[in-house]
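Construct the complete structure from the given sequences, taking the supplied hints into account.
This is what each chain is made of:
Number of protein chains: 2
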Amino acid sequence: MTELDARERILDASRAEIAASGVRGLRIQRVAKRAGVSLGLIYYHFEDRAGLLRETLAAVDRAVQERIPEPDPRVPPGELVAAMLEAEFGDEPGTRADSVVWNEIRAIAVFEDEVRTALSDATQDWQSRLTAPLSALGVPDAEIGGTATLLTGLVEGLSSRWLSGQLDTASVQRLMRTGTAAILAGATGGRALVSPGTAPAAGAS
Amino acid sequence: MTELDARERILDASRAEIAASGVRGLRIQRVAKRAGVSLGLIYYHFEDRAGLLRETLAAVDRAVQERIPEPDPRVPPGELVAAMLEAEFGDEPGTRADSVVWNEIRAIAVFEDEVRTALSDATQDWQSRLTAPLSALGVPDAEIGGTATLLTGLVEGLSSRWLSGQLDTASVQRLMRTGTAAILAGATGGRALVSPGTAPAAGAS
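In order, the protein sequence lines correspond to chains A and B. Per our numbering, the first sequence starts with residue 1, numbered consecutively. Per our numbering, the second sequence starts with residue 1001, numbered consecutively.
One or more of the hints may lead you astray.
[Said to hold, decoys possible] Stretch by stretch, here's where chain B covers chain A in the computed footprint (C-beta under 8 Å, at least three residues): (1) 81 to 94; (2) 153 to 159; (3) 176 to 189.
Hints are computed from structural coordinates only; laboratory data are not their basis. Quick reminder that beta carbons are idealized off the backbone N, C-alpha and C, glycines included.
Next comes the structure, spelled out in structure tokens:
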């Protein structure tokens, strides 16, 4: 097992442990056992619990990014934004597990300063991926940040309804599309930019 | 101390303990100590930890409702909805503490079935308070539920940005108003129903 392998295995194990029992139930020993490494190796790579949480969040952020389909230049930017945000919900186990991890780290960031900075960085990274399509849609530069916050904030709000079983996957995807259309229309002076919901909603057929 | 007093004191203590250290750090013994009652009295009134969490959530729901100003019949329904949702954010200690409690119970509901049902009931109760103004705005009956979910989902998403220090109170109130305006416009075929944000944003002056 190379160093890189071990690091990735630890992060995979941390994601799985948090998805199963929450960040406050996280025991580094169980992460070590699941990853098949020593406790010492975890501290060697991540220093402490906060360091492991920070890197776990970054790993989730990368995984979410990888699930987003490559932008097709023929797809209008409004549809691209809608598809990116809809891809945050889905019935594949990885999608749901990563949403739980993000949800948990978001909750604990209210109490733990060290996690807060990591969450803020990961959120900025996520929102920055919306800058180019929002700009292409004609959202004024001064409003791109606020618009990205509304869109990603809505993802986060709806995700906890979905994760706690108040909304099923098809419903949350449909609502996310409706909300995206409304927020984009609001930011561009009322132009309709997103189709109303028969789009590629994975698993909603 | 009457029975009613004791019950209210226990719920106040539970809210304060969760606001200070989270639902997973909640120790019934500390709630008892803070409320000045015996452990037995808590179990007598609330049966178990899940029962206490359920009733704490209901108490927060009532407190939020009481903070909302009485609807003035001269205020247009769009402004009423915007003011109701904006009142979820504010610098008064009670507002922030209750938002933390709701945020925490929302996070734990992903893992605990008993809490899940209580959360779902409290959320339905919250959303039902939007039915009359949304109907007055001309939102079609079939879309009132979805529109209320988008609005309250956005409150929840933005609240965790606010509680984790990513947005200050004035910014979150301004964004909530922008998002409310966009979602209401989307649900009513593009009519502008909410003023753009110089409204009674408590603490934003």
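- Message: Closer than 8 Å Cβ to Cβ for three or more residues is the test here. Does the region 176 to 189 of chain A pass it with chain B?
- Response: Our answer is that it holds, as 8 residues pass the Cβ test (under 8 Å) against chain B, meeting three.
- Examine the region 81 to 94 of chain A: at least three residues should have C-beta closer than 8 Å to a C-beta of chain B. violated (count 0)
- Query: For the region 153 to 159 of chain A, do three or more residues have a beta carbon lying closer than 8 Å to a beta carbon of chain B?
  - Reply: Answer holds; 6 residues pass the 8 Å Cβ test.
Checked against the numbered hints listed earlier, the structure breaks hint 1 alone; every other hint is satisfied.
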